[in-house]
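Residue numbers (my numbering), protein chains in the order written: chain A, 1 to 216; chain B, 217 to 432; chain C, 433 to 648.
Rather than coming from a laboratory, the hints here were simulated on the basis of the structure.
For lysine-lysine, the following DSBU-like pairs were computed, each having C-alpha atoms within a straight-line distance of at most 35 angstroms:
| # | chain 1 | residue 1 | chain 2 | residue 2 |
| --- | --- | --- | --- | --- |
| 1 | B | LYS250 | C | LYS466 |
| 2 | A | LYS34 | B | LYS250 |
| 3 | C | LYS466 | A | LYS34 |
Taking CB as the label site, the calculated pair distances span:
| # | chain 1 | residue 1 | chain 2 | residue 2 | range |
| --- | --- | --- | --- | --- | --- |
| 4 | C | ALA531 | B | ILE274 | 30 to 38 angstroms |
| 5 | B | ALA298 | A | ASP204 | 19 to 27 angstroms |
| 6 | B | VAL227 | A | ASP157 | 41 to 49 angstroms |
| 7 | C | THR528 | B | ALA298 | 46 to 54 angstroms |
| 8 | A | TRP183 | B | LEU294 | 28 to 36 angstroms |
| 9 | A | SER206 | B | ASP373 | 33 to 41 angstroms |
| 10 | B | LEU400 | C | ALA511 | 26 to 34 angstroms |
| 11 | A | ALA90 | C | ALA511 | 48 to 56 angstroms |
| 12 | A | ARG91 | C | GLU529 | 38 to 46 angstroms |
For glycine and all other residues, C-beta sits at the position ideal for the given N, C-alpha and C.
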Amino acid sequence: MMTGRSLIEMVHLGVEAAAVLAFAMSGLLEAARKRLDAVGVFVVAGLTAFGGGTLRDILLDRRPFFWVEHHVWLWVLLALCAAAMLFLRARHIAPTERAMLWPDAIGLGLFAGAGTQLGLAAGMPALVAVLLGVVTATFGGVLRDVVCNEIPGLFRDRRPYAVCAFAGGWIMVGAQALGAAGWLSMLLGAGTATALRMLSLWLDLSLPSWQDAGES
Amino acid sequence: MMTGRSLIEMVHLGVEAAAVLAFAMSGLLEAARKRLDAVGVFVVAGLTAFGGGTLRDILLDRRPFFWVEHHVWLWVLLALCAAAMLFLRARHIAPTERAMLWPDAIGLGLFAGAGTQLGLAAGMPALVAVLLGVVTATFGGVLRDVVCNEIPGLFRDRRPYAVCAFAGGWIMVGAQALGAAGWLSMLLGAGTATALRMLSLWLDLSLPSWQDAGES
Amino acid sequence: MMTGRSLIEMVHLGVEAAAVLAFAMSGLLEAARKRLDAVGVFVVAGLTAFGGGTLRDILLDRRPFFWVEHHVWLWVLLALCAAAMLFLRARHIAPTERAMLWPDAIGLGLFAGAGTQLGLAAGMPALVAVLLGVVTATFGGVLRDVVCNEIPGLFRDRRPYAVCAFAGGWIMVGAQALGAAGWLSMLLGAGTATALRMLSLWLDLSLPSWQDAGES
Numbered sequence: 001m002m003t004g005r006s007l008i009e010m011v012h013l014g015v016e017a018a019a020v021l022a023f024a025m026s027g028l029l030e031a032a033r034k035r036l037d038a039v040g041v042f043v044v045a046g047l048t049a050f051g052g053g054t055l056r057d058i059l060l061d062r063r064p065f066f067w068v069e070h071h072v073w074l075w076v077l078l079a080l081c082a083a084a085m086l087f088l089r090a091r092h093i094a095p096t097e098r099a100m101l102w103p104d105a106i107g108l109g110l111f112a113g114a115g116t117q118l119g120l121a122a123g124m125p126a127l128v129a130v131l132l133g134v135v136t137a138t139f140g141g142v143l144r145d146v147v148c149n150e151i152p153g154l155f156r157d158r159r160p161y162a163v164c165a166f167a168g169g170w171i172m173v174g175a176q177a178l179g180a181a182g183w184l185s186m187l188l189g190a191g192t193a194t195a196l197r198m199l200s201l202w203l204d205l206s207l208p209s210w211q212d213a214g215e216s
Numbered sequence: 217m218m219t220g221r222s223l224i225e226m227v228h229l230g231v232e233a234a235a236v237l238a239f240a241m242s243g244l245l246e247a248a249r250k251r252l253d254a255v256g257v258f259v260v261a262g263l264t265a266f267g268g269g270t271l272r273d274i275l276l277d278r279r280p281f282f283w284v285e286h287h288v289w290l291w292v293l294l295a296l297c298a299a300a301m302l303f304l305r306a307r308h309i310a311p312t313e314r315a316m317l318w319p320d321a322i323g324l325g326l327f328a329g330a331g332t333q334l335g336l337a338a339g340m341p342a343l344v345a346v347l348l349g350v351v352t353a354t355f356g357g358v359l360r361d362v363v364c365n366e367i368p369g370l371f372r373d374r375r376p377y378a379v380c381a382f383a384g385g386w387i388m389v390g391a392q393a394l395g396a397a398g399w400l401s402m403l404l405g406a407g408t409a410t411a412l413r414m415l416s417l418w419l420d421l422s423l424p425s426w427q428d429a430g431e432s
Numbered sequence: 433m434m435t436g437r438s439l440i441e442m443v444h445l446g447v448e449a450a451a452v453l454a455f456a457m458s459g460l461l462e463a464a465r466k467r468l469d470a471v472g473v474f475v476v477a478g479l480t481a482f483g484g485g486t487l488r489d490i491l492l493d494r495r496p497f498f499w500v501e502h503h504v505w506l507w508v509l510l511a512l513c514a515a516a517m518l519f520l521r522a523r524h525i526a527p528t529e530r531a532m533l534w535p536d537a538i539g540l541g542l543f544a545g546a547g548t549q550l551g552l553a554a555g556m557p558a559l560v561a562v563l564l565g566v567v568t569a570t571f572g573g574v575l576r577d578v579v580c581n582e583i584p585g586l587f588r589d590r591r592p593y594a595v596c597a598f599a600g601g602w603i604m605v606g607a608q609a610l611g612a613a614g615w616l617s618m619l620l621g622a623g624t625a626t627a628l629r630m631l632s633l634w635l636d637l638s639l640p641s642w643q644d645a646g647e648s
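Okay, chain A solo, but in the shape it has when bound (with noise of 0.2 angstroms):
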């Protein structure tokens, strides 16, 4: 019989192992449309669902990285690149993002959470955790962009992304302020982000641009 906590350390890792998946997805698809070969689309997968982390890592002087202590997690990466070449055909694309929204936005949230807490938990300042928060969730897409030879999205698409980020950060330092424990501001912090992402996407809400400071 499965006891409670079992169950919950199930949920946990089934939840996880959905944004990483979805983020390494999300490079997958970027290094299919790039044409790149098996070296770049194993490197640009995972780059994108472990970049974040680990420049968060960098950052605070924190080892060892995610995908050192889970290394089980590269070996899923070999085989979901692998898969990917092999089944992987251009009117797959286009579906296939559309059924990552959700595990991204959740694992927008987890990331940005998750982040937070390490920011909090290493004496950071409040704004300098909640940041760290938002490089964890959304570094990973910025360093795919920068590789594949592109602006990052993420600084010009003009969706709410690292702003769901940043405000789900701030609910989580605000919990903690607040004296909730651990799990609760978690889940607090990680769920205003994804909700927030799915808000914005549903709205289709969009940042406030430039009047006309641009060179055109």
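Guided by the hints, dock chains B and C onto chain A, whose structure is given.
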């Protein structure tokens, strides 16, 4: 009544503020030219202002970063970006860049001097310390150009910019080797870099170029 | 009279020098093609030669870097760049690249072997150690391409380059698991990577590609 010490500290703080703001403005103007959104403006401005020093600290394995220790600067940066998106127009870009030439040259000197001094203090060989000064002073701009999907201007515009930081660093190493006090060698090194930079702008100097090694 | 030990050391030093120079030359030629200025030539050549090892050391939190411990290489690099800007012509680029194929393949093997060995010595799991070897051998070139504003050739040219380093790393892990001495497993691993690289060039092998997943 203000004491001598607090006056020096205020001058130092003012000079430093001018330098950080000049670097941030350079990122902000580039973000405006590329019409990045609010997230892109903040990240690119922050990367330009703090990227060089952060990379130096990662190389030296040194913590806390400047923007963690003085996180008020992150709030200043947020306010600056919000103000820019509200009030900056295309016709302001060129005059703002001209107005930033002096603060930028001072930032070049200060950042090069600080980087070289930290390198020497960490026991680095002279050439490495000088190069760390150059990295501090110039790699914010390099990272700005890389994320904006351009070949870094530093690498191809033939302007003596890194070279001024390099020369200032060696002056500083020489002054310390001759037994000068820390503040004096800093003043000489930073002053040399800043003066060379303004001189090279005034005389329109350029670096030697390839004869015919390029592709076309 | 030269002893056996100093002879081995001289061979080792000569092989290492050839490898570092081959990597630096690859950056230098790319800089020449892009017509970078003197600063760009030095940075891109240095990034190509030392970038992979430096990234590995940052990931392993290991200091001092190779180019700090042996900073004479930075002087060699400065001299090499100055010589290239004086004497390199467009007609020299293709023959120089051909002349560099052997030293580059040796560098691939040596860097992959050294990275894997350092990873194993730091207690990394086998897959992580092998990937650190691949990073050491290939990410100098990736950084070169990123700062030169290209999608890294490693990710899309379908040449078996990273794959050779990957195979060599596993040979090394296997040899160590079987109890081989450090120098023997290094020789086997680096030799495998170098031999596979030369074989793949000779037979014009290429990696499997996407069926039709790209955009056009």
